[in-house]
Amino acid sequence: MFDLTDLLFLSVVVLAAAALWRAQGVREIALRAAKRHCDEMEVQWLDGSVALRKVGLARNARGRLCLARAYLFEFTSTGDERYFGSVDMVGHQVRTVQLQPHRLQ
7 MFDLTDLLFL
17 SVVVLAAAAL
27 WRAQGVREIA
37 LRAAKRHCDE
47 MEVQWLDGSV
57 ALRKVGLARN
67 ARGRLCLARA
77 YLFEFTSTGD
87 ERYFGSVDMV
97 GHQVRTVQLQ
107 PHRLQ
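The sequence shown: position 100 = 106 (the numbering used here), numbered continuously.
It is possible that part of the hints are untrue.
[Claimed, not checked] Using C-beta positions, here's what the derived DEER-type ranges look like:
1) Gly85 <-> Leu16: 22 to 32 Å
2) Asp12 <-> Glu87: 29 to 39 Å
3) Arg88 <-> Val20: 38 to 48 Å
4) Ala24 <-> Gly85: 40 to 50 Å
5) Phe8 <-> Gly31: 22 to 32 Å
6) Leu16 <-> Glu48: 13 to 23 Å
7) Ala24 <-> His108: 37 to 47 Å
8) His108 <-> Ser55: 15 to 25 Å
9) His108 <-> Leu10: 15 to 25 Å
10) Ala25 <-> Ser55: 12 to 22 Å
11) Asp86 <-> Leu26: 48 to 58 Å
12) Lys41 <-> Ala64: 21 to 31 Å
Just so you know, the hints here were simulated from the structure itself, not pulled from any lab data.
C-beta atoms are modelled at their ideal positions from N, C-alpha and C, and glycine is treated no differently.
I would like the entire structure built from these sequences, with the hints used as guidance.
Shown next as structure tokens:
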């Protein structure tokens, strides 16, 4: 019926699917953080998306090793020029949200 290689293959597929599902959840948190920060800073968030820029390891607030992800997004303050912002995540926690220096209206 099933041999060891089938079980190993199935395990790898399930683990990969779980990792992708979890990564999508972290991306959704980064999306909400970017939108919220743009609203607070009274700038327009462009494209409604974030792009994964970097993945690494970092320690969370409890000292545990977690995946650290950096996401980029674009915003405008004047409607004419695009600027970059970033969301840095450690695990499922937002560490920082920053906006590139930009013109005020």
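Here is how each hint holds up against the structure:
1. For the pair Gly85 and Leu16, the supplied restraint of 22 to 32 Å is violated, since their beta-carbon distance comes to about 52 Å.
2. Distance hint check: the CB atoms of Asp12 and Glu87 are about 55 Å apart, inconsistent with the given range 29 to 39 Å.
3. Distance hint check: the CB atoms of Arg88 and Val20 are about 40 Å apart, consistent with the given range 38 to 48 Å.
4. In this structure, Ala24 and Gly85 meet the distance hint of 40 to 50 Å, their C-beta atoms being roughly 42 Å apart.
5. Distance hint for Phe8 and Gly31: a CB-CB separation of about 31 Å, consistent with the stated range 22 to 32 Å.
6. A C-beta distance of roughly 50 Å is found between Leu16 and Glu48, which places it outside the suggested range of 13 to 23 Å.
7. The hinted window of 37 to 47 Å between Ala24 and His108 holds, with their beta carbons roughly 39 Å apart.
8. One distance hint, 15 to 25 Å for the beta-carbon pair His108 and Ser55, holds here, with the actual separation near 19 Å.
9. Checking the proposed 15 to 25 Å range against His108 and Leu10 shows it is violated: the Cβ atoms sit about 57 Å from each other.
10. In this structure the supplied range 12 to 22 Å holds for Ala25 paired with Ser55, their Cβ-Cβ distance being about 21 Å.
11. Checked against the hint of 48 to 58 Å, the C-beta distance between Asp86 and Leu26 comes to roughly 37 Å, which is inconsistent with it.
12. Our hint of 21 to 31 Å for Lys41 and Ala64 holds, since their Cβ atoms are close to 24 Å apart.
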